[in-house]
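Since the structure of chain A is provided, determine the placement of chains B and C with the ligands on it from the hints.
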Amino acid sequence: MSRLLKFNIFRYNPEDAQSEPHMQEFVLEETDAMTLFIALNRIREEQDPSLQFDFCCRAGICGSCGMVINGRPGLACHTKTKDLPGEITLLPLPVFKLVGDLSVDTGSWFREMYTKTESWIHTEKEFDPEALEERMDNKDAVSIYELERCVECGCCIAACGTARMRDDFLGAAALNRVARFLIDPRDQRSEKDYYEIIGNDMGIFGCMGLLACEDVCPKHLPLQNQLGFLRRKMGITSLKRLFGK
Amino acid sequence: MTIVYAPAGKSGKWDGVLDWLQMLSGASLILFMWCHMLLVSSVVISPDLMNAIAWFFEATFMAQVGGPLIFVVFLMHFVLAARKIPFRMDGQKAIWQHARMMHHGDTWLWVIQAVSAMCILVMGSIHMWVVLTDLPITAAKSAARIQGGFWAVFYLFLLPLAELHVGIGFYRIAVKWGFVKDKDRPRFKRGENIVTLMFIGIGLITLIRFLFLATN
Amino acid sequence: MQTIYTDFLVVGAGLAGERAAVQAADAGFSVICLSLVPARRSHSSAAQGGMQASLGNSVMGEGDCPDVHFEDTVKGSDWGCDQEVARLFADTAPIEMRRLAHWGVPWNRVVPGKSIYYKGGKQFEKIEAQEKEGLIMARSFGGTAKWRTCYTSDGTGHAVMCTMDNRCAQMGVEVHDKTEAVALIQDGETCFGVVARCLRTGELRVYLSKATMIAAGGFGRIYPNTTNAVICDGGAHTMCVNTGVVPMGNMEAVQFHPTGIVPTDILVTEGCRGDGGTLLDVNEKRFMHEYEPEKAELASRDVVSRWMTHHMREGHGVKSPYGEHLWLDIRHLGEEHITGKLREVYEICTSFLGVDPIHQLIPVRPTQHYSMGGIRTNKDGAAYGLKGLFAAGEAACWDMHGFNRLGGNSLAETVVAGGIVGRKIAEYLEGCETEFKTSLINDEVKKQQARIDVLVSCANGSENVYKVRRVMQDALHKGANIFRNQEGLETCVAELQEALVRAGKVGLRSDGKGVNPELAVALKLEGQVKMALMVAYGALQRTESRGSHNREDYTARNDRDWLNRTLAYWKNEGDTLPTLEYEAATEVVEIPPGDRGYGKSEIISADTPKDAGKKGK
Ligand SMILES: Cc1cc2nc3c(=O)[nH]c(=O)nc-3n(C[C@H](O)[C@H](O)[C@H](O)COP(=O)(O)OP(=O)(O)OC[C@H]3O[C@@H](n4cnc5c(N)ncnc54)[C@H](O)[C@@H]3O)c2cc1C
Ligand code: HEM
Ligand code: HEM
Ligand code: SF4
Ligand code: F3S
Ligand code: FES
Numbered sequence: 001m002s003r004l005l006k007f008n009i010f011r012y013n014p015e016d017a018q019s020e021p022h023m024q025e026f027v028l029e030e031t032d033a034m035t036l037f038i039a040l041n042r043i044r045e046e047q048d049p050s051l052q053f054d055f056c057c058r059a060g061i062c063g064s065c066g067m068v069i070n071g072r073p074g075l076a077c078h079t080k081t082k083d084l085p086g087e088i089t090l091l092p093l094p095v096f097k098l099v100g101d102l103s104v105d106t107g108s109w110f111r112e113m114y115t116k117t118e119s120w121i122h123t124e125k126e127f128d129p130e131a132l133e134e135r136m137d138n139k140d141a142v143s144i145y146e147l148e149r150c151v152e153c154g155c156c157i158a159a160c161g162t163a164r165m166r167d168d169f170l171g172a173a174a175l176n177r178v179a180r181f182l183i184d185p186r187d188q189r190s191e192k193d194y195y196e197i198i199g200n201d202m203g204i205f206g207c208m209g210l211l212a213c214e215d216v217c218p219k220h221l222p223l224q225n226q227l228g229f230l231r232r233k234m235g236i237t238s239l240k241r242l243f244g245k
Numbered sequence: 001m002t003i004v005y006a007p008a009g010k011s012g013k014w015d016g017v018l019d020w021l022q023m024l025s026g027a028s029l030i031l032f033m034w035c036h037m038l039l040v041s042s043v044v045i046s047p048d049l050m051n052a053i054a055w056f057f058e059a060t061f062m063a064q065v066g067g068p069l070i071f072v073v074f075l076m077h078f079v080l081a082a083r084k085i086p087f088r089m090d091g092q093k094a095i096w097q098h099a100r101m102m103h104h105g106d107t108w109l110w111v112i113q114a115v116s117a118m119c120i121l122v123m124g125s126i127h128m129w130v131v132l133t134d135l136p137i138t139a140a141k142s143a144a145r146i147q148g149g150f151w152a153v154f155y156l157f158l159l160p161l162a163e164l165h166v167g168i169g170f171y172r173i174a175v176k177w178g179f180v181k182d183k184d185r186p187r188f189k190r191g192e193n194i195v196t197l198m199f200i201g202i203g204l205i206t207l208i209r210f211l212f213l214a215t216n
Numbered sequence: 001m002q003t004i005y006t007d008f009l010v011v012g013a014g015l016a017g018e019r020a021a022v023q024a025a026d027a028g029f030s031v032i033c034l035s036l037v038p039a040r041r042s043h044s045s046a047a048q049g050g051m052q053a054s055l056g057n058s059v060m061g062e063g064d065c066p067d068v069h070f071e072d073t074v075k076g077s078d079w080g081c082d083q084e085v086a087r088l089f090a091d092t093a094p095i096e097m098r099r100l101a102h103w104g105v106p107w108n109r110v111v112p113g114k115s116i117y118y119k120g121g122k123q124f125e126k127i128e129a130q131e132k133e134g135l136i137m138a139r140s141f142g143g144t145a146k147w148r149t150c151y152t153s154d155g156t157g158h159a160v161m162c163t164m165d166n167r168c169a170q171m172g173v174e175v176h177d178k179t180e181a182v183a184l185i186q187d188g189e190t191c192f193g194v195v196a197r198c199l200r201t202g203e204l205r206v207y208l209s210k211a212t213m214i215a216a217g218g219f220g221r222i223y224p225n226t227t228n229a230v231i232c233d234g235g236a237h238t239m240c241v242n243t244g245v246v247p248m249g250n251m252e253a254v255q256f257h258p259t260g261i262v263p264t265d266i267l268v269t270e271g272c273r274g275d276g277g278t279l280l281d282v283n284e285k286r287f288m289h290e291y292e293p294e295k296a297e298l299a300s301r302d303v304v305s306r307w308m309t310h311h312m313r314e315g316h317g318v319k320s321p322y323g324e325h326l327w328l329d330i331r332h333l334g335e336e337h338i339t340g341k342l343r344e345v346y347e348i349c350t351s352f353l354g355v356d357p358i359h360q361l362i363p364v365r366p367t368q369h370y371s372m373g374g375i376r377t378n379k380d381g382a383a384y385g386l387k388g389l390f391a392a393g394e395a396a397c398w399d400m401h402g403f404n405r406l407g408g409n410s411l412a413e414t415v416v417a418g419g420i421v422g423r424k425i426a427e428y429l430e431g432c433e434t435e436f437k438t439s440l441i442n443d444e445v446k447k448q449q450a451r452i453d454v455l456v457s458c459a460n461g462s463e464n465v466y467k468v469r470r471v472m473q474d475a476l477h478k479g480a481n482i483f484r485n486q487e488g489l490e491t492c493v494a495e496l497q498e499a500l501v502r503a504g505k506v507g508l509r510s511d512g513k514g515v516n517p518e519l520a521v522a523l524k525l526e527g528q529v530k531m532a533l534m535v536a537y538g539a540l541q542r543t544e545s546r547g548s549h550n551r552e553d554y555t556a557r558n559d560r561d562w563l564n565r566t567l568a569y570w571k572n573e574g575d576t577l578p579t580l581e582y583e584a585a586t587e588v589v590e591i592p593p594g595d596r597g598y599g600k601s602e603i604i605s606a607d608t609p610k611d612a613g614k615k616g617k
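Protein chains in written order, with our numbering: chain A, 1 to 245; chain B, 1 to 216; chain C, 1 to 617.
The shape of chain A in the complex, shown without the other chains (with noise of 0.2 Å):
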């Protein structure tokens, strides 16, 4: 026999006057090899169809579906129901504005990340389309996109206590970002530059540790060790700076 789920999903819609945030009760019969995507699509189509979500690849690459799942966040489309237990509790990512019941603005959030940050290559040299491409090692271009996979869910963030504390703090993303740039061979910024975006309790010097990016990230990013690497890197450069000129 399969179970019955219980679902105690948050419901607000920001654009009706009417609307107040509370939980509503759902229930629906498990099928096999159900993910929390085909559940709530069928919640939406069967049950209330004004339910909003959001979801795009469905297959765990796009970081569309964000979403705290019985107090973690994580991504819906990845979570199989047979993994939870019958009575099972979503609530929007927090940190990010809500537009509506589970979705939530991620968007916003992380373009500005990218202007903070400055998240693209810093060079002076000009394309030519007529050269060979610059030579590269492997190992370099393997461990930029072990950084580069980061899929902006949003999840690290909104797990961050910092972050719920300190809106302008970068969190582990962002942070991740900068040490992307940061081991690139052809960004030519330097420490000095880096310090200055994230040399501050805004940046590395605000996290404290709590790790939670670490063990809710849905790609398994080493940020744990970003982290660390950028407060060594950042915190040796503080001193250069101090003592330097």
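Don't read these hints as lab results, they were simulated from the structure. Small disclaimer: the values here were computed from a predicted structure and weren't measured. For glycine and all other residues, C-beta sits at the position ideal for the given N, C-alpha and C. Keep in mind that a hint or two might mislead.
[Claimed, not checked] Straight-line alpha carbon distances no greater than 25 Å define the calculated DMTMM-like cross-link-like pairs of lysine to aspartate or glutamate that follow:
#1 A:Lys97 x A:Glu20
#2 B:Lys84 x A:Asp48
#3 A:Lys80 x A:Glu25
#4 B:Lys13 x A:Asp16
#5 C:Lys513 x A:Glu112
#6 A:Lys80 x C:Asp356
#7 C:Lys513 x A:Asp16
#8 C:Lys505 x A:Asp48
#9 A:Lys6 x A:Asp83
#10 B:Lys93 x A:Asp83
#11 A:Lys139 x C:Glu133
#12 C:Lys505 x A:Glu45
#13 C:Lys379 x C:Glu602
#14 B:Lys183 x C:Asp356
[Said to hold, decoys possible] Just so you have them, the derived chain C footprint on chain A, three or more residues with Cβ under 8 Å:
#15 5-16
#16 194-207
#17 236-244
Here is chains B and C with the ligands on its own, set in the frame of chain A:
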């Protein structure tokens, strides 16, 4: 195209240095607490040993100078670390709500750290004041204090709070600065928990020993 | 009502859209991209395998050059492509890959020395040249003569998408995400922008522009089983269909990928087979080498999909509660390879199937994957029918893919076409003065608002939008799948016509307030059914088999009658069928139609007399 390296945001010129100081103050307090443990717990082996160690510190003036110095580090650490503690209601509500929602060990550890810190601030200050204004340290004096009852209860609270704070602090420094990598984290954390429990155990034994020590 | 003005408006912030945006921004124009989701979540980021460009750095790609790439592309298209465009593409692709490297894509690079690779389940050795060290590496992909697919582990699309979006942020290209374009503002001659619905508030908004580009990706979601993201629903195509003057090219050319997993239809990359994965049947025996001795599992997608379906029909499929499937075997590639180069595959199998591909077989079946058809453009990316309207990427029928696109060619197309079309648009903007007529804009907004009101108030009826959508999807699934025949297609068309009537009577069950998701689906349903009809009706009329379009009753490729491209219009509101017109597949012929070298080769050549090749009835 011109390339501008100056980023958005306020530059925190001193934030890096402050982070160093926070870590170093914490680390030196840890070292101190280990020494403190050696001193106080030596009573378990023999009150004479404790007296000898205390006398050594006294004779070399380390107690007279070191004591207040520790007090200064203690305050400095407080000032630095307190930057991270939310003193406004909404911040506190956020972190409590967050910790309860997440069921996440390391987040709870931080809450414990922050709460214990506030208790230590008050209790540690009183304790240091009392001990340092009543030098020299001897096993007998300590025993007398503890047998008075009030101090026994006082230490019964301060001891676990202090050890938890120190233990978590030690773990935190290691992971924050990347001395312990992700792969070693679970093992390191388990080790640290055991050490903390051991320290609390030794502290309790010490307290018991003081309770039954002759105070002539 | 908010009205936003820009020089260049791009509907879609995937690779094609953002690449064109960067190009125009570079030339000094203001650019806004609209997107349903934050740019990086666009479906381009789901492409795992890689993108083709004949850099020829790997020893396995030695001697590769644009000519060979061009030839592969034309053969792959089954001579359905525009050869001028294919040529442009093959020549430009290497430059674009290098440009991407310059912008920050962490391409895997050549590591000199010995390494092993697998083909057909056997182990081989290759030695990469010392002097190529650090240049962009390539891997093998289906339907190609050389190793030509540039990649970053198995997250190529994701990595390139990140770099492109970074570049946009750097160039000041605005991306308005959570914004859905719902209608073009046009007067039958010129396009002036779009009416869009904000997916943060549900409000309508007007975007005015001198040039508008559709780069909205594929429309796989009109099928029930597809590897496409849920946002690949053709909503932006419907805007063009609804104009009545912009034709859709080759809508019947739909690609099915051999390896969608069962039951979730998530794609596992062609790289699995490229790296040596094999297909097994119910007896866990290989079969592809019996049908295709030369290429076996690495023949082009249409061929592999077809043989898989054939093999299942012969009774060799694995029965499961979700229907029949076959097995993909990558166990012999070893743990290191699977958790390294194919990590994404590993993760998909473990987290969505509970299958460990290091020790277990992966259940797969052919699944809708790519839309070769789309908004028909000329080689500059200008859409037929409306001035100031452009299209690129999967949404367009620029037409380098013809009736079958090769793996790795479409991701490469997005950046190549984006670059070329972006440049053309910049030129167009250079000499462009546009006047925006207020009445035209107001009328269009009123029209859209009226549609919304009708849906919310159930004025036309209260058909359930999800049920009607299901009817459309099932009709296509049954009638316009890998194998097609007259009877099936006729039924399909009839069912779709019925669905079209029902789509007109849809009413919402919810209140439609704010970002109502039911309303979003309802707004595009009718247009989707029209597109489905273009697919089915186009397929019914095309009495031959070419590329992915495979007629059981007309098994030969007929170059005499069908070496052409279908142009489908929805000319009048009240029509129940699209109007089909045809144009020559290619003006320039570099390689005359011939044998592809794989697949079965029944060809009715252009000089066969009229009634020779007639089969079936
Ligand atoms: C699972 C999978 C794997 C693939 N792997 C490969 C591969 O390895 N190699 C390869 O070459 N190709 C591959 N492809 C094909 C390739 O990924 C796509 O063809 C290509 O990425 C399409 O890019 P695009 O820029 O045209 O559109 P997309 O990247 O799909 O972007 C479409 C954009 O349009 C927006 N949009 C859509 N509708 C609207 C609207 N109404 N209003 C506003 N915005 C809208 C979306 O938000 C999005 O930003 C794969 C495809 C799939 C499904
Ligand atoms: C005055 C009382 C104290 C207060 C208010 C206090 C507060 C704090 C706080 C809030 C933190 C967390 C900082 C962060 O996460 O970034 C912290 C860390 C720490 N504390 Fe304390 N503390 C006090 C006393 C002590 C004492 C007595 C010791 C040791 C004996 C100690 C050792 C540490 C250590 C080692 C850390 C980790 C340092 C770091 O993360 O950089 N603290 N303290
Ligand atoms: C220079 C500073 C300090 C001195 C000289 C000192 C000395 C002592 C002495 C002599 C005792 C024995 C009991 C007594 O005499 O009352 C004691 C016990 C204790 N002290 Fe301190 N102390 C110092 C600082 C601290 C600090 C900063 C803390 C913690 C934050 C601390 C926590 C404790 C605890 C928990 C005990 C009980 C010990 C046990 O049960 O093992 N002390 N200390
Ligand atoms: S670092 Fe991980 S958790 Fe954070 S946004 Fe990226 S993928 Fe999500
Ligand atoms: S959870 Fe937050 S405090 Fe640091 S370690 Fe992660 S960013
Ligand atoms: S929908 Fe893309 S990650 Fe879940």
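Tested hints:
1. A:Lys97 x A:Glu20: Holds, at roughly 16 Å.
2. B:Lys84 x A:Asp48: 43 Å, violated
3. A:Lys80 x A:Glu25: Holds, at about 19 Å.
4. B:Lys13 x A:Asp16: 46 Å, violated
5. C:Lys513 x A:Glu112: Not satisfied, since the Cα-Cα distance of roughly 29 Å exceeds 25 Å.
6. A:Lys80 x C:Asp356: 16 Å, holds
7. C:Lys513 x A:Asp16: 6 Å, holds
8. C:Lys505 x A:Asp48: 20 Å, holds
9. A:Lys6 x A:Asp83: Within the cut-off at roughly 14 Å; holds.
10. B:Lys93 x A:Asp83: 31 Å, violated
11. A:Lys139 x C:Glu133: Holds, at about 12 Å.
12. C:Lys505 x A:Glu45: 18 Å, holds
13. C:Lys379 x C:Glu602: Status violated; Cα separation ~30 Å.
14. B:Lys183 x C:Asp356: 23 Å, holds
15. 5-16: n = 4 at 8 Å, threshold three: holds.
16. 194-207: With 0 residues closer than 8 Å to chain C, the region 194-207 of chain A misses the three-residue bar; violated.
17. 236-244: This one is violated; 0 residues, fewer than the three required, reach chain C with a Cβ under 8 Å.
The structure shown violates the earlier hints numbered 2, 4, 5, 10, 13, 16, 17.
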